[in-house]
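2 protein chains.
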Amino acid sequence: MAKELTPRSENYSQWYNDLVVKADLAETSAVRGCMVIKPYGYAIWEKMQRALDDMFKETGHVNAYFPLLIPKSFLSREAEHVEGFAKECAVVTHHRLMNDPNGKGVVVDPEARLEEELIIRPTSETIIWNTYKNWISSYRDLPILCNQWANVMRWEMRTRLFLRTAEFLWQEGHTAHATREEAEEEAQKMLRVYADFAEKWMAVPVIKGVKSANERFAGALDTYTIEALMQDGKALQSGTSHFLGQNFAKAFDVQFVNKENKLEYVWATSWGVSTRLMGALIMSHSDDNGLVLPPKLAPIQVVIVPIYKKEEELAAISEKALQLVADLKALGISVKFDDNDQKKPGWKFAEYELKGVPVRVAMGPRDLEKGEAEIARRDTLTKEQMPFEGLAQRIKLLLDEIQDNIYRKALTFRDSMITCVDSYDEFKRVLIEKGGFVSAHWDGTTETEEKIKEETKATIRCIPFGNQPEEGTCIYSGKPSHQRVLFAISY
Amino acid sequence: MAKELTPRSENYSQWYNDLVVKADLAETSAVRGCMVIKPYGYAIWEKMQRALDDMFKETGHVNAYFPLLIPKSFLSREAEHVEGFAKECAVVTHHRLMNDPNGKGVVVDPEARLEEELIIRPTSETIIWNTYKNWISSYRDLPILCNQWANVMRWEMRTRLFLRTAEFLWQEGHTAHATREEAEEEAQKMLRVYADFAEKWMAVPVIKGVKSANERFAGALDTYTIEALMQDGKALQSGTSHFLGQNFAKAFDVQFVNKENKLEYVWATSWGVSTRLMGALIMSHSDDNGLVLPPKLAPIQVVIVPIYKKEEELAAISEKALQLVADLKALGISVKFDDNDQKKPGWKFAEYELKGVPVRVAMGPRDLEKGEAEIARRDTLTKEQMPFEGLAQRIKLLLDEIQDNIYRKALTFRDSMITCVDSYDEFKRVLIEKGGFVSAHWDGTTETEEKIKEETKATIRCIPFGNQPEEGTCIYSGKPSHQRVLFAISY
Chain A
44 MAKELTPRSE
54 NYSQWYNDLV
64 VKADLAETSA
74 VRGCMVIKPY
84 GYAIWEKMQR
94 ALDDMFKETG
104 HVNAYFPLLI
114 PKSFLSREAE
124 HVEGFAKECA
134 VVTHHRLMND
144 PNGKGVVVDP
154 EARLEEELII
164 RPTSETIIWN
174 TYKNWISSYR
184 DLPILCNQWA
194 NVMRWEMRTR
204 LFLRTAEFLW
214 QEGHTAHATR
224 EEAEEEAQKM
234 LRVYADFAEK
244 WMAVPVIKGV
254 KSANERFAGA
264 LDTYTIEALM
274 QDGKALQSGT
284 SHFLGQNFAK
294 AFDVQFVNKE
304 NKLEYVWATS
314 WGVSTRLMGA
324 LIMSHSDDNG
334 LVLPPKLAPI
344 QVVIVPIYKK
354 EEELAAISEK
364 ALQLVADLKA
374 LGISVKFDDN
384 DQKKPGWKFA
394 EYELKGVPVR
404 VAMGPRDLEK
414 GEAEIARRDT
424 LTKEQMPFEG
434 LAQRIKLLLD
444 EIQDNIYRKA
454 LTFRDSMITC
464 VDSYDEFKRV
474 LIEKGGFVSA
484 HWDGTTETEE
494 KIKEETKATI
504 RCIPFGNQPE
514 EGTCIYSGKP
524 SHQRVLFAIS
534 Y
Chain B
44 MAKELTPRSE
54 NYSQWYNDLV
64 VKADLAETSA
74 VRGCMVIKPY
84 GYAIWEKMQR
94 ALDDMFKETG
104 HVNAYFPLLI
114 PKSFLSREAE
124 HVEGFAKECA
134 VVTHHRLMND
144 PNGKGVVVDP
154 EARLEEELII
164 RPTSETIIWN
174 TYKNWISSYR
184 DLPILCNQWA
194 NVMRWEMRTR
204 LFLRTAEFLW
214 QEGHTAHATR
224 EEAEEEAQKM
234 LRVYADFAEK
244 WMAVPVIKGV
254 KSANERFAGA
264 LDTYTIEALM
274 QDGKALQSGT
284 SHFLGQNFAK
294 AFDVQFVNKE
304 NKLEYVWATS
314 WGVSTRLMGA
324 LIMSHSDDNG
334 LVLPPKLAPI
344 QVVIVPIYKK
354 EEELAAISEK
364 ALQLVADLKA
374 LGISVKFDDN
384 DQKKPGWKFA
394 EYELKGVPVR
404 VAMGPRDLEK
414 GEAEIARRDT
424 LTKEQMPFEG
434 LAQRIKLLLD
444 EIQDNIYRKA
454 LTFRDSMITC
464 VDSYDEFKRV
474 LIEKGGFVSA
484 HWDGTTETEE
494 KIKEETKATI
504 RCIPFGNQPE
514 EGTCIYSGKP
524 SHQRVLFAIS
534 Y
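Taken in order, these protein sequences are the chains called A and B. Residues in the first sequence are numbered consecutively from 44, following my numbering. Residues in the second sequence are numbered consecutively from 44, following my numbering.
This is chain A alone, in the form it adopts within the complex (with noise of 0.2 Å):
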């Protein structure tokens, strides 16, 4: 088969990378670390996209548009997001190209320099905090709820499709709020949104909690996260939302006259998630023989197969495949039937499985004498007799199931990959062998979190809501800690 792809166990980057690029999600541009986001990825984006959006509004945001460029000056006015961010990033220094008076192409004009600098946003606190200024005034203006859908850019030295581009598109929340306990709260809403998101539609567990401040956003006071695990026992943080206290309104000077008539800087938050969600559902549910999507975000959730040989037996075959996918679209499940006679069937069923689609029908003459049709599972690669009676809601039922099996087995799988460990040489120890979340008692401060990271390679991922408090000392130096916090390599 021309599109086999590397096994997971031999090298599991190649498998990620060849599944990515010959399943026809993505594949690299012309433009260093850049990504060309093909129809069949776009298509489970825009499902991403579509769902998330209607969560957003049903919690009362709404979209608006911010420029693509920042001034550079914008980016140094909060002193810590500046180091954070406004480093690796793609600067607009002209607005002109002219034809080259030496010879053949296009130069920059010299004559066109900008005044100032322009930066491509690689996040937009900066120049929505600067329009927010003339928004607010009253705690009447109060609170400002908008989301944007935009692409950003980070010039990241090592890409990987979707995990790590210097392009990237996403959507970023940015709320204005009249007290902290307002944005706290909002800040904490949005991540339940993302995990609701990530569980019910990706079929993917994340653990939601706090970053340490090491992890932070630059220019957040607290970051919260989802954490997922992937197969390999990396961790992919998935989504963040950050509540950003009163910094952003300070270095923008946003104040509102409160209901007591006094002058106060507006509380904020912002959140986001991004196309590395794509990463996180390919790497979370796909095998050696392709892609595993969720029936939910599945952009052709039932593929029919006819098996034929002779041109009536295709008439007779396409008359009952052709009513099943009336009684799918009926039931508002997007169906495909691939009468294609370029293709045998072998090389459909191999295509489809690679592309992850959950259900796939297929129809032979025996299958119409007998009045059924086979049915089989990608998630679970099992095939099953059903009869055409019915066949319609039985289908709508099996992505159901299908759904939530993928979920389950995920689930189980992370459950599985949690380990408490008390000590140091434990900890290394499952690193190595198993990988996965470690859970361990740590001592609170970024030096020993920094030593960790430079012994171990893994980070503190999150610590979790809810976490129970426990009595112990920490891994690396041994003084005392009042709970577990989760540790982990990460992508």
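No incorrect hints appear here.
Each pair may be met inside one copy or between any two copies, as identical chains are not told apart.
The list that follows gives simulated cross-link-like pairs (lysine-lysine, PhoX-like), each with its CA atoms no further than 25 Å apart:
#: 1; residue 1: K452; residue 2: K277
#: 2; residue 1: K391; residue 2: K302
#: 3; residue 1: K100; residue 2: K90
#: 4; residue 1: K452; residue 2: K339
#: 5; residue 1: K386; residue 2: K305
#: 6; residue 1: K302; residue 2: K387
#: 7; residue 1: K302; residue 2: K386
#: 8; residue 1: K100; residue 2: K339
#: 9; residue 1: K176; residue 2: K46
#: 10; residue 1: K398; residue 2: K46
#: 11; residue 1: K339; residue 2: K90
#: 12; residue 1: K243; residue 2: K439
Hints in this document: simulated from the structure, not taken from any laboratory.
Given the structure of chain A, go ahead and fit chain B onto it with the hints provided.
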């Protein structure tokens, strides 16, 4: 009233700007020529996007995403394209900032100069055809029917909100075909989709036609256009579709093996509409009181305003109002019940007129007694008492009637503004005294076209589809002409 608009008769251009800002559609940003699209404006754009996207998908297109940045050298591959597009654009020259060694803030790191400059896409033909090269080898790979929703940037000198901004949002379709005929049909089909959208959703009548050579897209063999007429008698090009021939395939060496097993260059189209449509929508229908939105694109289709003095009156009205809200929602109608007690009904009436909400329902104690409500139409500014019984259904019909009425009104105006002239004096007089489209004989040369533009500012908007052949003489040169073309002064 704080939000008064400059009357159209006094200063149409100022009226437009006032309206865009005061109705919370968009505002200028800190970045020259770039706008912030505010939530209310964006909600209209989202409705446009959704409707267009559905139409693209119904005609077999899929979405994808290509890089924001384009290598400078790509732009000069297609000779005409670079002349038309590559000059006024944002140029990325560096990929890193550093702390200013002399003090505060950040500066561009001179070490981080890019080997080849990158351009923020002004349009994506070049990067997309460079990608298609890898997707196409046989006629079996064709057609490719891709669309992209994206931001683009053109460094315009004079900008106006929505109509001409440095950054704007748009969709760009890029298709690849095995035959000339198929590509030409595709370009025309998409123009028909645009015209349908303009007329059925935006309620904006448009004239479909082909551009003269002079007004063609840089790199196209033919550019098709839909042209709308604004209330001030100026034309607005609202969407274009280009038959690109084999120009980009040749520039990027994209060949395929055809059914006769011979290598051939691929045939191409591209087509786009942008946030400029927001300008067309606003200027087609709105009046001195504010926006007039066609119901199909109105974020809020119906607003209910309670008229009361005492709390118990509000309670009684609310009961009725919430029932109406539920009934309208059940019919798929978006509705807002504005019971905010900080604002007087008069303020609310003016505000929702400004925002273009198509139907306003007012309910006071006396209406309740009589079992009716006051229904006001935004398009005609008329009011009518209607019984509660069957009110939601009546409003649904009213919304259809308003959609229809807005379109007919614009159509009647547009048709009254097409004037046939047979001399250059008459041509000039009509342009000055009346405006609108002027239908006149033209000798078919670019020279004449440019002279007329120089002397009158009028350009050939299009040669309408289905134009009747008619013998005559060019109004400017007196040379023979075989058909009339449409001139206008345009945005």
